[in-house]
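Place chains P and C on chain Z using the hints.
Residue numbers (this note's numbering), protein chains in the order written: chain Z, 103 to 580; chain P, -18 to 285; chain C, 5 to 278.
Hint data in this document are derived by calculation from the structure and do not stem from the laboratory. One or more hints might be untrue.
Stated by the list, open to error - If the Cβ cut is set under 8 Å, some of the chain P residues that face chain Z in the computed set are:
| no. | residue |
| --- | --- |
| 1 | Ile16 |
| 2 | Ile33 |
| 3 | Ala34 |
| 4 | Ala40 |
| 5 | Leu71 |
| 6 | His80 |
| 7 | Ala83 |
| 8 | Gly90 |
| 9 | Met91 |
| 10 | Val99 |
| 11 | Pro111 |
| 12 | Val217 |
| 13 | Phe252 |
| 14 | Glu255 |
None of the values given here were measured: they were computed from a predicted structure. Glycine included, each C-beta is placed from N, C-alpha and C at the ideal position.
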Amino acid sequence: MAVPTKPATSPRSAKLDVAGALKDAGLTAFVAFGLFSLMLGLRTETGSTGRLEIFPRPGLLATAVAAVFAGRLMIALIARSRVAADIGRSLQAMTPEFKKLDRFATPVLLSLVLLTPVLLYSEHYLLAGILVLAYILFRWGLAPALLALALLLPILFYSNRYLLDLGILVLTYIMLGWGLNIVVGLAGLLDLGYVAFYAVGAYAYALLAQNFGLSFWICLPLAGILAAFWGVMLGFPVLRLRGDYLAIVTLAFGEIIRIVIVNWQSLTNGPNGISGIPRPSFFGLPFNDSEEGFAAHFGLEFNPVHRIIFLFYLILALALLTNFVTLRLRRLPIGRAWEALREDEIACRSLGINTTNTKLTAFAMGAMFGGFAGSFFATRQGFISPESFVFMESALVLAIVVLGGMGSQLGVAIAAVVMIGGFEFFRQFEQFRMLVFGIAMVSIMVWRPRGLIATRMPSVFLQEKKIIPADIIDEARQ
Amino acid sequence: MEYFLQQLINGIALGSIYGLVAIGYTMVYGIIGMINFAHGDVFMVGAFLALIAFLALLAIGVTAIPLALFLVLIVAMLLTALYGWAVERLAYRPLRGSHRLAPLISAIGMSIVLQNYVQIAQGARVKPLPPLIPGGYTLIEGGGFAVQVSNVQIIIVVTTLALMTVFSWLVSATRLGRNMRACEQDLKMASLIGVDIDRTISLTFVIGAALAAVAGIMYLLYYGVIDFFIGFIAGVKAFTAAVLGGIGSLPGAMLGGLLIGLIETFWSAYFSAEYKDVAAFSILVLVLIFMPTGILGRPEVEKV
Amino acid sequence: MNAPIGEIILDAQHLSMRFGGLVAVDDLSFAAKRGKITAIIGPNGAGKTTVFNCITGFYQPSEGLIRIVHMDGKEFLLERLPDFRIAARARVARTFQNIRLFAGMTALENLLVAQHNRLMVASGFTLLGIFGWPGYLRAQRAAIEKARFWLDRVGLSNRADDLAGALPYGAQRRLEIARAMCSDPVLLCLDEPAAGLNPREASELNKLLDAIRAESEASILLIEHHMGVVMEISDHVVVLDYGRKIAEGPPAQIRDDAKVIAAYLGVEEEEVAR
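One chain only, chain Z, in its complex shape:
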């Protein structure tokens, strides 16, 4: 394709425009002063008299405004100088070098992998694991490497309970993200109340297991079916609504379910939640140090980490099931109809597709996986309360789907790792992490509105299998 080449440097970037950048920064700082003046400059606090009093914080205000000024100045200078263009060009120039390196790297890595047995023998498990992962990454790409990492994690970090718990958390969100991806990414239905199905799954498991003594493996499908049933019940009346209206109605449904859970004391124990939810067993073998326990049965020494590892592989299996089903469905007529629905609903109807049913199946399918994840959550925590099912959870899962790149399974997984991992990383700044999270959401949207991975693999081919790059999809949709 003949793309008209841009002139190498635009006239403005030829010389560093300091005055303009300063003016920009000055204006921004002025606005920031306006925004921060009362909110940061003054603090309201209950004083000694029991009434609210005001405490000035000029230092904080000055710092905040100065930070905005400096930040804006830097951005303006970079934008007005050639630095950005230079970096861009050199990155582009380096790409072929990277590719060469890649070809070169494979044999090197291969020989390194041959070292793995040696490392294993000398009990350098972590190093060996990293080598294997690096080899998979270079040989087959990111998705298999992530899968291998997930499979190896409990082995590599057997003793690191914190990391395993974090892994379980991330996998739960990956599963939720993949479930919601069916609804939002494939069918293009904006669902802001996804957490409702998570809650239905969790409460279904908790109540069934406690009141009827059913085992996890019976409760799991029941919870999924129940959640899917609720998905259909809620979806049926509202799915004819246009995108944004659907969003707000699903949000309302999410809140309604939460409020009902809070107030239906006799069933749900209200805001106090349900505790003592049965823990999962290894196909009938409980994870305890009794005679019939898992450890005793397999002749192992009892260790509470066995259960954690079991939970880890359980959620990994559930997440992979979600992924497998989604990938399979994409290549079936129903999946293609979902994507067609996202592209153009009217055209779908003109081709004889029952759009209501098609939307309902997407909604029910997403809800079912949400329900599975919910019952896993209940059995893992042993305790659930309405507090776990607030709107923020829906927003978080939706953010994972959209930031990852709608419709992209890998993108969702990466986004979940980055966001939940990042969230954990900021744990010591408890106060600030939600703020950072919000800022990240806005900036990623501004930077990449289509999400991290916006490419698409067509579901069927006539000639050759090829991934469609994001920019072509964007252009085609114009």
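This is chains P and C only, laid out in the frame that chain Z set:
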């Protein structure tokens, strides 16, 4: 009967607040077709700015309540308007022309940012303010129940009416109003005939935020206590009001606000206060299903 | 095909469509015959697309009835069916004035979506398909073959794996027709298929429509502004103005109709004939 009248008065006062917030939703939706998810939080910011401004005025010796309130009104409107402007500039404008989910996600992010920003800046605890405008009138007394209307309620309704009048004039008779209506019809066409759409959209956010600030002040006066989380529920209810009245319609937003206020008040009074939010949300769902154009909205013919 | 040519396939009687006070279609009656190409023409705003939307169920007509007769004698009253049933059961397919392809999907995928209902049944409503049931795989192969056939017919077989939205304008128009044909229609409704095409593309379109008429079961109803296309290929022309029928007949007769010429106000006789 007296009880009913009392609830009616309470409902109208509450509904006025919702109505003012709803205008912000309806205007933005009308012009760029997005739900400004952060609008509820802009309302919350308005309430906080009013509280801080009021305390600051007390601290520097402005103790005459009417004067202080007037100054608070001005300061809070101006600064909240600046917040509205900044939100649009930072989170929405770069996404114009992107796919429809992008601004919505950005708006949810902005809502989280505003909530946590206020929480960090002012603390998570609730902020109480003693009643500033005491007194009221007893309308009817009988059957052991007195129907009262407080001065705050009168101020709320009168201010709302005054703002609505000014605002209707603004939209119907000024150049800005004409530009806004043009953008509502067709953004691209409006820009082709020389309407500065960036400026018009910015001003829409500014006006919406200023009205939300007024609503925030009223909320502060009416309930006497605010926290950083009031924006979420109030926002959803105000959006419900906008939809109920017919999204895009300004009188509709006000009417919807009043209806939601009344429904909520009567529901709490006669049924159960725990489920008052459920009542409001259920109304939203029912309206969208059975009357998607709202009470005063234009019917929408599907373009094929 | 051994279709009984000349029999009525679409019969619209006393069709009216009102939007509030506006009467878009006013007491319109006309018929289309099997195996023929029927054209609806008229100035802008004459109500042509509204007629299409009534036939394909996107609008519910205020009055009147629309009947489709299949070759086996089965009849459907379209004004009583929801839009997707019209396409699925009464087998009426359509294209759109402003092309409505699934822009983010490939050309081939577009044609497979058009065969959705049959594939759904073959996949056991997904339940069998998810386990890779051989019957479904056979049906999918057949569907791809059919798509390949139509891609060949519209000259797009080398672009099968390209995104529909990335194709040039003329190709998108042809792909939309191919997509409609993949749904096995008995009546193909084309809304301005020649709009925006250059003369060469327009003449290719003529050939394509001729071929569809000759080789498939589908009869064609089209709205067109391009008189070259209308006069050359249509067998029967219905002229609308302000929602009413002002003339009807074979192209040669319409060309000389004084009322038609007057309706195209300001348009000279030669231009109508072009």
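Results for each hint:
1. Ile16: Holds - the Cβ of P/Ile16 comes within 8 Å of chain Z, reaching about 5 Å at its closest.
2. Ile33: 4 Å, holds
3. Ala34: This hint holds: P/Ala34 lies near chain Z, its Cβ roughly 6 Å from the closest one there, short of 8 Å.
4. Ala40: This hint holds: P/Ala40 lies near chain Z, its Cβ roughly 5 Å from the closest one there, short of 8 Å.
5. Leu71: 7 Å, holds
6. His80: 7 Å, holds
7. Ala83: 4 Å, holds
8. Gly90: Status holds, d = 3 Å.
9. Met91: Holds. Min distance 6 Å.
10. Val99: Holds, about 7 Å.
11. Pro111: 7 Å, holds
12. Val217: Where the cut-off is 8 Å and the nearest Cβ of chain Z is about 7 Å from P/Val217, the hint holds.
13. Phe252: 12 Å, violated
14. Glu255: Holds. Min distance 5 Å.
In this structure, only the earlier hint numbered 13 is contradicted, and the remaining ones agree with it.
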